[in-house]
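Novice: Sequence:
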Amino acid sequence: MEYNSQQIEKKWQNFWKENRSFEPSEDFSKEKKYILSMFPFPSGRLHMGHVRNYSISDAFARYYRQQNFNVLHPIGFDSFGMPAENAAIKNGSHPKGWTYDNIDYMKNEFYSLGFSFSRERELATSDELYTKFEQGFIIDMFNKGLLYREKGLLNWCPNDQTVLANEQVVDGCCWRCDTPIVKKDMNQYYFKITKYADELIDDLKKLEDGWPKQVLTMQDNWIGKSNGLEFDLFFDDNSLSILDNKFKSFDVFTTRPDTIYGVSYTALAPEHDIVTYMIENKLLSDEVISRIKVMKNASNIDRQKEKEGIDLGIRVKHPLLNKTVPVWIANFVLMDYGSGAVMAVPAHDERDFDFAKKYDLEINAVINPKEGEHDFTASAYTERGVLFNSGEFDGMDSKKSQYNIIKYFEDNKIGKKTTNYKLKDWGVSRQRYWGAPIPFVHCDKCGLVMEKKENLPIALPEDIEITGEGNPLEKHPTWKHCSCPECGGDAVRETDTMDTFVESSWYFLRFCADASNWENEAFSKEQLKYWMGVDHYVGGIEHAVLHLLYARFFTKVFRDLGYLDFDEPFDRLLTQGMVLKDGAKMSKSKGNTVDPDAIIEKYGADTARLFILFAAPPTQELEWNDSAVEGAYKFIKRFYDRSSNITATDAIPNIEHGSLSKEEKFARKKVYEALARSNDVFNERYTFNTMIAGVMEAMNALNVQSNTDVWTEGYWILSSIMEPVIPHVASEISEKYFNLNNFAPQNIIDEVFVEDSVTMAVSINGKARTEIEVAVDADKDSIIAQAKEAGAKWIDGKEIIKEIVVPKKLVNLVVKG
RNA sequence: GCGAUCGUGGUGGAACGGUAGACACGCUACCUUGAGGGGGUAGUGCCUUACGGGUGUGAGAGUUCAAAUCUCUCCGAUCGCACCA
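To convert a position in the first sequence, counted from 1, into this note's numbering, add 139.
Just so you know, the hints here were simulated from the structure itself, not pulled from any lab data.
Since this is a predicted model, take the numbers as computed values, not measurements.
Ideal placement from N, C-alpha and C gives every residue a C-beta, glycine not left out.
Keep in mind that a hint or two might mislead.
The calculated DSSO-like cross-link candidates involving lysine-lysine, where the alpha carbons are at most 27 Å apart (straight line), are [what the hints assert, rightly or not]:
1. Lys-172 / Lys-387
2. Lys-331 / Lys-496
3. Lys-695 / Lys-344
4. Lys-906 / Lys-941
5. Lys-334 / Lys-283
6. Lys-331 / Lys-171
7. Lys-364 / Lys-331
8. Lys-334 / Lys-290
9. Lys-290 / Lys-509
10. Lys-364 / Lys-334
11. Lys-927 / Lys-947
12. Lys-695 / Lys-741
13. Lys-875 / Lys-773
14. Lys-496 / Lys-334
15. Lys-344 / Lys-172
16. Lys-432 / Lys-446
17. Lys-808 / Lys-724
18. Lys-283 / Lys-235
19. Lys-937 / Lys-927
20. Lys-290 / Lys-172
21. Lys-509 / Lys-446
22. Lys-235 / Lys-246
23. Lys-171 / Lys-592
24. Lys-919 / Lys-955
25. Lys-385 / Lys-435
26. Lys-584 / Lys-462
27. Lys-444 / Lys-364
For each label pair, taking beta carbons as the anchor points, the in silico distance ranges come out as [as the list claims (entries may be wrong)]:
28. Asn-507 / Glu-289: 29 to 37 Å
29. Asn-360 / Glu-593: 37 to 45 Å
30. Ala-832 / Ala-654: 36 to 44 Å
31. Asp-499 / Thr-318: 26 to 34 Å
32. Glu-928 / Ala-832: 51 to 59 Å
33. Glu-426 / Thr-558: 33 to 41 Å
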């Protein structure tokens with residue numbers, strides 16, 4: 140029979156559906172594996188990145204099912220979000236209709252690729268049932284003080300007309316539409332993720348064995364913990380009177396207390412309270428005020444170009460020296476890090492140095508290199524060294540003096556040791572329609588009030604008009620009017636919706652719950668205890684600091700709310716590389732996409748999966764190559780065709796190894812090598828390309844012999860190994876010849892690796908020269924003797940000073956002369 | 001600037017300190033079919049006149065009996081962060 144991918148694949152996809160083949164068992168006494176790929180946004184169609192992502196997780200899921208694990212391999216859709224609304228604006232579609240149509244289409248694509256997802260646990264985060272529990276969690280978090288509402292300077296995308304979290308601002312632009320963001324002062328809801336900053340950093344250690352180092356580093360940098368000294372700088376008398384005695388001092392933070400004696404000026408952010416006061420009370424000239432305004436309005440990118448400063452004409456006292464230093468505004472001082480004010484040490488900080496040079500400010504050196512000299516007029520010396528001009532700390536090593544200086548400040552109660560983080564609280568409200576409503580009510584009498592849990596979900600109204608201007612919920616005639624859950628009086632609903640990253644922060648927990656009880660509870664503690672953590676989480680590295688940080692945060696919050704008992708959600712993370720074509724990421728705008736549907740139609744899903752897993756290890760980028768796809772197709776065809784060499788059996792054939800020919804023995808050895816490699820790949824290395832190469836080698840070896848039992852045994856094992864990769868054709872072969880009995884753990888037979896003789900390399904001085912054939916039980920002396928004979932032409936007339944034998948591998952003779 | 005990852009044939013990539021280039025793509029020759037395509041056999045790092053020999057994993061040094069692999073310096077690429085005090 141000719142290989143017909145369409146027919147075979149359709150057949151098995153129906154079989155799996157009808158037999159509920161991939162539903163997890165509720166028998167919690169079995170060993171489990173939770174295999175998860177990051178769920179997709181329902182953008183419309185699958186792309187090759189999706190195919191790669193789910194081919195990897197599906198291989199894991201199918202492998203562990205064969206190994207008799209209870210496997211949870213669910214799929215869902217991250218279905219709230221702006222593209223649905225943007226499509227609505229563009230095409231006049233309804234976000235809900237657009238979203239669910241896309242989900243239906245993409246689900247079909249998934250199943251036409253043969254992915255072994257649990258169909259019963261499919262979900263979309265825009266389902267009201269999902270919103271219901273999410274809103275419940277939000278209320279719990281508010282009660283715990285982990286959600287709060289506050290006015291603040293926010294990242295605003297003028298194009299998407301919404302606020303963005305810091306994590307969603309890339310190079311000063313919106314992560315979605317690339318529009319430069321502006322700062323906007325408005326009310327916003329925040330998750331108190333900073334409360335967990337220390338734990339989020341510390342627990343990265345627990346992930347060291349299972350997560351890529353790069354992701355751990357990115358999270359570590361993002362949280363950005365730094366230790367240092369915080370202290371107040373007090374104004375001198377003249378400055379106090381300029382400021383009408385409204386401010387006595389301001390607070391600064393430094394990670395370099397060892398440079399404290401070198402402070403020669405201080406700088407405030409243009410947004411600092413003191414600056415605002417001076418502007419409001421006309422303590423600065425109109426010209427200066429307008430310069431400050433320009434500084435504040437500059438985009439982040441402009442602000443980085445050139446250092447700008449303004450002397451405020453006020454001075455503070457140096458904390459340790461009997462002198463005063465000027466207070467400036469500097470555009471490089473950030474209001475949202477530390478206290479928005481810095482002490483400046485131009486001799487030992489590059490920024491301070493550039494600034495001091497530009498405005499001709501004092502440069503006071505206080506640290507010398509341990510060796511050599513530094514020209515302090517040319518550049519800042521930012522390394523550690525030895526202190527001078529530093530009072531009682533002279534001669535001390537910088538590292539040591541940091542500790543001592545902090546101690547001095549603390550003993551004299553003029554400052555204290557502090558930790559600062561780059562991580563900010565997570566702003567979660569979005570001024571958009573297609574998201575989960577934030578379940579709060581504004582009441583004139585009671586203020587900000589939570590909805591009652593029994594009223595959940597607060598669902599979105601469907602009769603809305605989407606124009607692209609403002610938030611449609613705001614303009615809906617009735618939706619936002621409600622009665623206050625506390626006093627029953629007239630009240631108004633919050634019209635902000637949640638950041639879609641809230642949904643993806645707990646979906647992996649929802650999947651743990653048996654769908655038959657989804658109506659009643661989000662999940663049970665018992666279910667989470669059994670299924671979590673996720674054994675293999677597969678997804679793109681682009682979520683290294685967004686989703687993966689938020690999901691870790693939610694897990695810790697849920698733990699503290701008593702919903703679960705673990706600290707980290709994802710035991711092992713596999714970040715797959717991008718799919719490229721012509722050296723660039725596949726994208727519609729570049730016109731270099733390959734449509735998965737077209738590949739499935741032409742070659743079949745098995746070919747697509749085989750190519751994608753064979754062309755590169757999963758973590759590396761993968762270059763699309765049409766002729767290599769063709770090659771994958773040919774392999775499958777051969778694999779299918781050559782199954783005609785085997786005979787049907789319900790059990791693996793018994794073969795008397797000793798009576799086989801050399802070729803037959805070799806074929807068996809390659810088959811079992813492939814099996815060993817497969818186990819290694821799934822458990823340790825995840826390099827599916829090498830596993831597939833092993834199977835190809837075994838096929839090549841089988842092909843040069845004609846023993847039916849060896850062929851049959853070979854196919855019993857190879858089709859088992861390949862089922863996770865090419866499940867349709869593997870199932871077809873297995874059903875026809877083995878009654879599907881070979882999809883089970885396979886024993887490695889040691890005797891196939893036992894040989895009478897073994898080829899060993901002979902190297903002289905580490906350089907490979909020749910080979911010898913030795914008996915496996917040969918002793919060291921006879922091996923060396925044989926090696927000397929074989930290598931005679933390289934050792935003649937020379938003295939052998941060392942002989943090394945690596946059993947079954949090589950002999951190295953070290954000669955002199 | 002800081003950090004992470006990585007540099008191996010024409011290409012994708014193997015080699016978990018022990019015979020570098022497995023497996024595949026491409027290419028060449030031949031056979032089969034004989035439009036194309038498909039199938040098969042052999043070859044394919046580079047240099048060298050074959051046998052043989054030499055050389056070779058970005059460059060250089062080191063550790064080791066033995067280095068693509070470990071260490072250091074430099075060069076280059078990719079990604080991430082970036083005026084974070």
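Novice: The structure should be examined with respect to each hint, and the outcome stated for every one.
Specialist: For each hint, the structure was consulted:
1. Between Lys-172 and Lys-387 the alpha-carbon distance is near 61 Å, which puts this suggested pair outside the 27 Å criterion.
2. Restraint check: the Cα-Cα separation between Lys-331 and Lys-496 comes to about 41 Å, which exceeds 27 Å; the hinted pair is violated.
3. As the CA atoms of Lys-695 and Lys-344 are separated by approximately 15 Å, the hinted pair is consistent with the 27 Å bound.
4. This hinted pair checks out: Lys-906 and Lys-941 have alpha carbons roughly 14 Å apart, not beyond 27 Å.
5. About 12 Å separates the Cα atoms of Lys-334 and Lys-283, which keeps this hinted pair within 27 Å; it holds.
6. A threshold of 27 Å between alpha carbons decides the hint, and for Lys-331 with Lys-171 the separation of about 34 Å lies outside it, so the pair is violated.
7. Distance check on the hinted pair: Lys-364 and Lys-331 sit about 16 Å apart at the alpha-carbon level, within 27 Å; holds.
8. Between Lys-334 and Lys-290 the alpha-carbon distance is near 19 Å, which keeps this suggested pair within the 27 Å criterion.
9. Of the supplied pair hints, the one linking Lys-290 and Lys-509 is violated, its CA atoms being roughly 49 Å apart against a limit of 27 Å.
10. For the proposed pair Lys-364 and Lys-334, the alpha carbon gap of about 13 Å is at most 27 Å, so the pair holds.
11. The straight-line distance between the Cα atoms of Lys-927 and Lys-947 is roughly 17 Å, inside the 27 Å bound, and the hint therefore holds.
12. Proposed proximity of Lys-695 and Lys-741 is contradicted: the alpha carbons are some 47 Å apart, above 27 Å.
13. For a cut-off of 27 Å, the pair hint linking Lys-875 to Lys-773 stands: about 21 Å separates their Cα positions.
14. For a cut-off of 27 Å, the pair hint linking Lys-496 to Lys-334 is broken: about 40 Å separates their Cα positions.
15. In summary, the hint linking Lys-344 to Lys-172 is supported, as the alpha carbons are separated by about 23 Å, within the 27 Å threshold.
16. A C-alpha spacing of about 15 Å is found between Lys-432 and Lys-446, which places the hinted pair at or below 27 Å, so the restraint holds.
17. With a CA separation close to 41 Å, the supplied pair Lys-808 and Lys-724 exceeds the 27 Å bound.
18. With a C-alpha separation of about 33 Å, the suggested pairing of Lys-283 with Lys-235 is violated against the 27 Å cut-off.
19. This hinted pair checks out: Lys-937 and Lys-927 have alpha carbons roughly 12 Å apart, not beyond 27 Å.
20. For the proposed pair Lys-290 and Lys-172, the alpha carbon gap of about 45 Å is over 27 Å, so the pair is violated.
21. A distance of roughly 31 Å separates the Cα atoms of Lys-509 and Lys-446; the hinted pair therefore is violated under the 27 Å criterion.
22. A threshold of 27 Å between alpha carbons decides the hint, and for Lys-235 with Lys-246 the separation of about 16 Å falls inside it, so the pair holds.
23. For the given pair, Lys-171 sits about 33 Å from Lys-592 by alpha-carbon distance, which is inconsistent with the 27 Å threshold.
24. With a C-alpha separation of about 22 Å, the suggested pairing of Lys-919 with Lys-955 holds against the 27 Å cut-off.
25. As the CA atoms of Lys-385 and Lys-435 are separated by approximately 23 Å, the hinted pair is consistent with the 27 Å bound.
26. Proximity of Lys-584 to Lys-462 is assessed by CA-CA distance (about 54 Å); at most 27 Å being required, the pair is judged violated.
27. For the given pair, Lys-444 sits about 26 Å from Lys-364 by alpha-carbon distance, which is consistent with the 27 Å threshold.
28. Remark: the range hint 29 to 37 Å for Asn-507 to Glu-289 is contradicted by a beta-carbon distance near 47 Å.
29. Asn-360 and Glu-593 have their C-beta atoms about 44 Å apart, which keeps the hinted 37 to 45 Å range intact.
30. The hinted range of 36 to 44 Å is satisfied by Ala-832 and Ala-654, whose Cβ atoms lie roughly 40 Å apart.
31. Evaluation of the 26 to 34 Å hint for Asp-499 and Thr-318 yields a failure: the beta carbon distance comes to about 39 Å.
32. With their beta carbons about 36 Å apart, Glu-928 and Ala-832 fall outside the hinted range of 51 to 59 Å.
33. Checked against the given bound of 33 to 41 Å, the beta carbons of Glu-426 and Thr-558, roughly 40 Å apart, stay inside it.
Hint check: violations occur at hints 1, 2, 6, 9, 12, 14, 17, 18, 20, 21, 23, 26, 28, 31 and 32; the rest are consistent with the structure.
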